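*Asks:* Each chain, written out:
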Amino acid sequence: MNEKSKLAEQKANPAYLTGEQRNLGVSRELLHQSQDSLSARLRAGDRAVATELVDKYYEQIYLFMRRLGHDRHAAEDLTQETFFSAWHHIGQLKDDKALNGWLYRIAANVSRLHWRRHRHQETVGIEQIDVADSGEAGPDAAGRREQLGQVRDAVARLSANLRQTIVLHYMQQLTIAEAAEAAGVRQGTFKSRLNRALRALKESMA
Amino acid sequence: MDEKKIHGLLTELGRRWTEPVRPALGEEIKQRIPHRLSRHKIGWETVNIIIDLRLSKSVAAAAIVLAMILLLNLFGGRDSSVRGILQDSVLLVKYWGGATENDVSVLRSKYEHLLARGEDVRWYGESVDRKDGLALLMHHRLSNGNYMITFVDGREREVDSEELVELLARMLQRKAK
Numbered sequence: 218m219n220e221k222s223k224l225a226e227q228k229a230n231p232a233y234l235t236g237e238q239r240n241l242g243v244s245r246e247l248l249h250q251s252q253d254s255l256s257a258r259l260r261a262g263d264r265a266v267a268t269e270l271v272d273k274y275y276e277q278i279y280l281f282m283r284r285l286g287h288d289r290h291a292a293e294d295l296t297q298e299t300f301f302s303a304w305h306h307i308g309q310l311k312d313d314k315a316l317n318g319w320l321y322r323i324a325a326n327v328s329r330l331h332w333r334r335h336r337h338q339e340t341v342g343i344e345q346i347d348v349a350d351s352g353e354a355g356p357d358a359a360g361r362r363e364q365l366g367q368v369r370d371a372v373a374r375l376s377a378n379l380r381q382t383i384v385l386h387y388m389q390q391l392t393i394a395e396a397a398e399a400a401g402v403r404q405g406t407f408k409s410r411l412n413r414a415l416r417a418l419k420e421s422m423a
Numbered sequence: 159m160d161e162k163k164i165h166g167l168l169t170e171l172g173r174r175w176t177e178p179v180r181p182a183l184g185e186e187i188k189q190r191i192p193h194r195l196s197r198h199k200i201g202w203e204t205v206n207i208i209i210d211l212r213l214s215k216s217v218a219a220a221a222i223v224l225a226m227i228l229l230l231n232l233f234g235g236r237d238s239s240v241r242g243i244l245q246d247s248v249l250l251v252k253y254w255g256g257a258t259e260n261d262v263s264v265l266r267s268k269y270e271h272l273l274a275r276g277e278d279v280r281w282y283g284e285s286v287d288r289k290d291g292l293a294l295l296m297h298h299r300l301s302n303g304n305y306m307i308t309f310v311d312g313r314e315r316e317v318d319s320e321e322l323v324e325l326l327a328r329m330l331q332r333k334a335k
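Going down the list, the protein sequences come from chains A and B. Residues in the first sequence are numbered from 218 upward in steps of one, following the numbering used here. Residues in the second sequence are numbered from 159 upward in steps of one, following the numbering used here.
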């Protein structure tokens, strides 16, 4: 790995940045630079980078699967399958393509195929909502937990496409561009899906 | 509840709707990293098309058969009317589906089909010895003046008129014996 890419990755670590830099949005830009170098090394077949990729993403992908409604066991299997599939499609990773979008797209496809094979399987989301560190206590915390529980249940009732839209953007915190890439649609289509999902949630929670 | 509040709740839910991930999972995934990372390029679009078609095998096979027949009809200068295509399809399906059970009846269907299309075709099936592998079942005159002959076992060969006469004569001789 050359010094330049090492430096870029080091700088991409949010801990390295000052608060001011974070406010200026430098973090995301550097993160993209870091992803670019990671992508380039992956395409070159660097196995060490593959390990790095697993460390960086396996929790995110597992939670993505769980938030899409897969049970623990299936979520673990599908996470493994996502990476397995990723190793076989490294050739499609482009410089200008965000790593996030590429990996999540594979994950979304893996999830979709699983639902197709198990049409009648019920969704089993994460039950737990952690409000312990929110600083609220007593009735406030309970009320907050209840509201979040309502939103979670409403998300679970959405159609698979709309649920995925919400999960990609809000839960996995992908940008519109990354989430659209992950969903395999244009950004405009993704935005309109997001609006539909928000409207559906609003109606569901009215 | 207004959209702004839902937006806020969703953002918060993203942080709080979580659970611990089994730490060994990462190691298990790492163990499955291939020694040589593949770099072949099959576009995701291609993969998605294959996945999203959701065709069953029989539907896919029927689509291929239909496409082949259409191409044959379009580029082979044959009857491309709907009826012609339909007959070809039936014949092809019969041929693929039942050739091993009853070859002669399939070939008979082909003969009838050619006859219906006004082709110069002759059937010997009624008088032929079906145990004789060299016996002719039918012949069909081609546009170039030659004949396409079909043996009892389904083999086909293009011959000229002289060869056809010779083959028919030999067949009669064998039958006489």
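Please note that the accuracy of each hint is not assured.
Simulated restraints on C-beta separations [what the hints assert, rightly or not]:
1) B:Leu230 - A:Arg413: 45 to 53 Å
2) B:Asp311 - A:Phe301: 46 to 54 Å
3) B:Ala218 - A:His305: 17 to 25 Å
For lysine-lysine, the following BS3-like pairs were computed, each having C-alpha atoms within a straight-line distance of at most 30 Å [as the list claims (entries may be wrong)]:
4) B:Lys333 - B:Lys289
5) A:Lys408 - B:Lys163
6) A:Lys408 - A:Lys419
7) B:Lys289 - A:Lys408
8) A:Lys419 - A:Lys311
9) A:Lys408 - A:Lys273
10) A:Lys311 - B:Lys289
11) B:Lys289 - A:Lys419
12) A:Lys419 - B:Lys162
13) A:Lys273 - B:Lys188
14) A:Lys273 - A:Lys311
A partial selection of chain A residues facing chain B, derived with a Cβ cut-off under 10 Å [claimed, not checked]:
15) Asp272
16) Ala359
17) Val368
18) Ala371
19) Ser376
20) Leu379
21) Val384
22) Arg403
23) Gly405
24) Ser409
25) Arg413
No lab work stands behind these hints, which were simulated from the structure alone. Nothing here was measured: the structure is a model prediction, and the numbers come from that model. Even for Gly, the Cβ is constructed at its ideal location relative to N, Cα and C.
*Asks:* It remains to establish, for every hint, whether it holds in the given structure.
*Replies:* How the hints compare with the structure:
1. Hint check: Leu230 of chain B to Arg413 of chain A, Cβ distance near 47 Å, so the stated range 45 to 53 Å holds.
2. The beta-carbon spacing between Asp311 of chain B and Phe301 of chain A, approximately 49 Å, falls within the hinted interval of 46 to 54 Å.
3. Our hint of 17 to 25 Å for Ala218 of chain B and His305 of chain A holds, since their Cβ atoms are close to 24 Å apart.
4. Among the hinted pairs, Lys333 of chain B with Lys289 of chain B is consistent with the structure: their alpha-carbon atoms are about 11 Å apart, no more than 30 Å.
5. A hinted pair counts as satisfied when its Cα atoms are at most 30 Å apart, and Lys408 of chain A with Lys163 of chain B qualifies at roughly 18 Å.
6. Between Lys408 of chain A and Lys419 of chain A the CA atoms are separated by roughly 16 Å; this keeps the pair inside 30 Å, and the hint holds.
7. Only pairs whose Cα atoms come within 30 Å are accepted, and Lys289 of chain B paired with Lys408 of chain A is rejected, the gap being roughly 72 Å.
8. Under the criterion of a C-alpha separation no larger than 30 Å, the hint pairing Lys419 of chain A with Lys311 of chain A is inconsistent with the structure, at around 38 Å.
9. This hinted pair checks out: Lys408 of chain A and Lys273 of chain A have alpha carbons roughly 27 Å apart, not beyond 30 Å.
10. Taken as a hint, the Lys311 of chain A and Lys289 of chain B pair is broken in the structure, with Cα atoms around 65 Å apart against an allowance of 30 Å.
11. Pair hint Lys289 of chain B plus Lys419 of chain A does not hold up; C-alpha atoms about 79 Å apart against a cutoff of 30 Å.
12. For a cut-off of 30 Å, the pair hint linking Lys419 of chain A to Lys162 of chain B stands: about 10 Å separates their Cα positions.
13. For a cut-off of 30 Å, the pair hint linking Lys273 of chain A to Lys188 of chain B stands: about 12 Å separates their Cα positions.
14. Annotation: proposed proximity of Lys273 of chain A to Lys311 of chain A holds, straight-line Cα distance about 19 Å (limit 30 Å).
15. Evaluation of the Asp272 of chain A hint against chain B yields a held restraint, the C-beta minimum of about 6 Å falling below 10 Å.
16. The criterion of a C-beta within 10 Å of any C-beta in chain B is not met by Ala359 of chain A, whose closest approach is roughly 14 Å, and the hint is violated.
17. The interface hint given for Val368 of chain A holds, since its Cβ lies 5 Å from the closest Cβ of chain B, which is under the 10 Å cut-off.
18. About 9 Å separates the beta-carbon of Ala371 of chain A from the nearest beta-carbon of chain B, less than 10 Å, and the hint is met.
19. Taking 10 Å as the C-beta contact cut-off toward chain B, the hint placing Ser376 of chain A at the interface is violated, the least distance being around 16 Å.
20. For Leu379 of chain A, the interface hint is violated, since its Cβ never comes within 10 Å of a Cβ in chain B; the closest pair sits about 12 Å apart.
21. Evaluation of the Val384 of chain A hint against chain B yields a held restraint, the C-beta minimum of about 9 Å falling below 10 Å.
22. Taking 10 Å as the C-beta contact cut-off toward chain B, the hint placing Arg403 of chain A at the interface is violated, the least distance being around 13 Å.
23. Violation of the interface hint for Gly405 of chain A is found here, the shortest Cβ-Cβ separation to chain B being roughly 18 Å, above the 10 Å cut-off.
24. This hint is violated: Ser409 of chain A has a C-beta 15 Å from the nearest C-beta of chain B, more than the 10 Å allowed.
25. Below 10 Å, beta-carbon pairs count as interface contacts, and Arg413 of chain A has none with chain B, the closest being about 12 Å; its hint is therefore violated.
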